[in-house]
Amino acid sequence: MTIHNKKVKIEYECNLCRKTRVIYVDPTLHSEVDSKGYIEYVDLHNCEDSKLNAIILYVDKSLTVRSQVPVKLGTDASAEQISSFNIPTPQKVDFSTKKISKLKSFKAKNLKTLLINDRLRQTKFILDGSQGVEVESKSELGYIDIKAQVNKQIEQGRAKEWLSKLASILEAIILLDEEMLSYLILYLDPNLEKNPSTDEILELDLILHAKSAYPHSTLKFYSVFRRQWSNIKDSLTIDSFSSYEKVITHCIGNQHKTLLDVYQQKIAKNIAFEDFVTIVNELSQLGFLNIEKIEFITITD
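Numbering-wise (this note's numbering), the sequence shown opens with residue 1 and increments by one.
Hints are not guaranteed to be accurate.
In the PhoX-like style, the derived pairs of lysine-lysine whose C-alpha atoms are separated by at most 25 Å in a straight line are [to be verified]: (1) K51 / K107; (2) K104 / K51; (3) K51 / K138; (4) K246 / K233; (5) K99 / K51; (6) K99 / K36.
Derived DEER-like restraints, expressed as beta-carbon distance ranges [what the hints assert, rightly or not]: (7) I297 / A268: 32 to 38 Å; (8) K152 / I299: 48 to 54 Å; (9) R158 / L52: 44 to 50 Å.
If you are wondering where the hints come from, they were derived from the structure by calculation, not from laboratory data.
Think of the CB as a built atom: it goes at the ideal place given N, C-alpha and C, for glycine as much as any other residue.
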């Protein structure tokens, strides 16, 4: 475990391809993990025979990889698989079920129920609700299956496209915090009425990364933003200089606050979450914010 630009390195050797893989994370991600607990990371990489493989990593409070489990397409990890490696077995290995919490502002107008069958995290995430028209989709590599009941007024092909985009994002996420699924359904519910645009897909990605992505800005970026406001305001979604300014200023010099930290600690009283995500995406596209996401890299000799 080493420090890299105030981040901590987590390193492991894949038991299948023998590649050394590392990721740099903020140590605060593990601050609430107890002495016997762990956080699950998913590393999807070109593995043996140059095929994509997903590895579940169980990382403890000290940021040590305690065990690793390969998840092959069409299979689920088991205690036997984990025990086959001469490394400690985490307490939780069975496929579990977790309910998606509903925020007070969630209306369930278009999204009635949701079932995410996530083989990477060995979990079924469930949103309970009333009956509608069933739509389903899966991710490109098949690790994520999603079923939803939607309002009968929603065009099924459009809803399926949203689920397909969602599945692909979930498949690529290294660290998923289930809290963000509550914000996901809040965003998805009204947007099912239209086809997903490129910006909306980016916003969906930001939501699901909100507890592991770090927004950065500088005084220089802020100065340029103020000078350029009159030229860019007509192309922006939210008609509020103060909203964009507030987001930028709270990201100046930021090192350790995630997107969700910034929102909950500084922004939530003034700006709705879905508007916050739109503002962050647009500021990022214009170059006034940098969004740092954690990622695995291969170390070569």
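Tested hints:
The hinted pair formed by K51 and K107 fails the criterion: a straight-line CA distance of about 42 Å is larger than 25 Å. Restraint check for K104 and K51: not satisfied, since their Cα atoms lie roughly 43 Å apart, outside the 25 Å limit. In summary, the hint linking K51 to K138 is supported, as the alpha carbons are separated by about 19 Å, within the 25 Å threshold. Proximity of K246 to K233 is assessed by CA-CA distance (about 15 Å); at most 25 Å being required, the pair is judged to hold.
Restraint check for K99 and K51: not satisfied, since their Cα atoms lie roughly 33 Å apart, outside the 25 Å limit. In summary, the hint linking K99 to K36 is supported, as the alpha carbons are separated by about 24 Å, within the 25 Å threshold. The beta-carbon spacing between I297 and A268, approximately 34 Å, falls within the hinted interval of 32 to 38 Å. Evaluation of the 48 to 54 Å hint for K152 and I299 yields a pass: the beta carbon distance comes to about 52 Å.
Our hint of 44 to 50 Å for R158 and L52 is violated, since their Cβ atoms are close to 29 Å apart.
Comparing the model with each earlier hint shows violations of hints 1, 2, 5 and 9; every other hint is respected.
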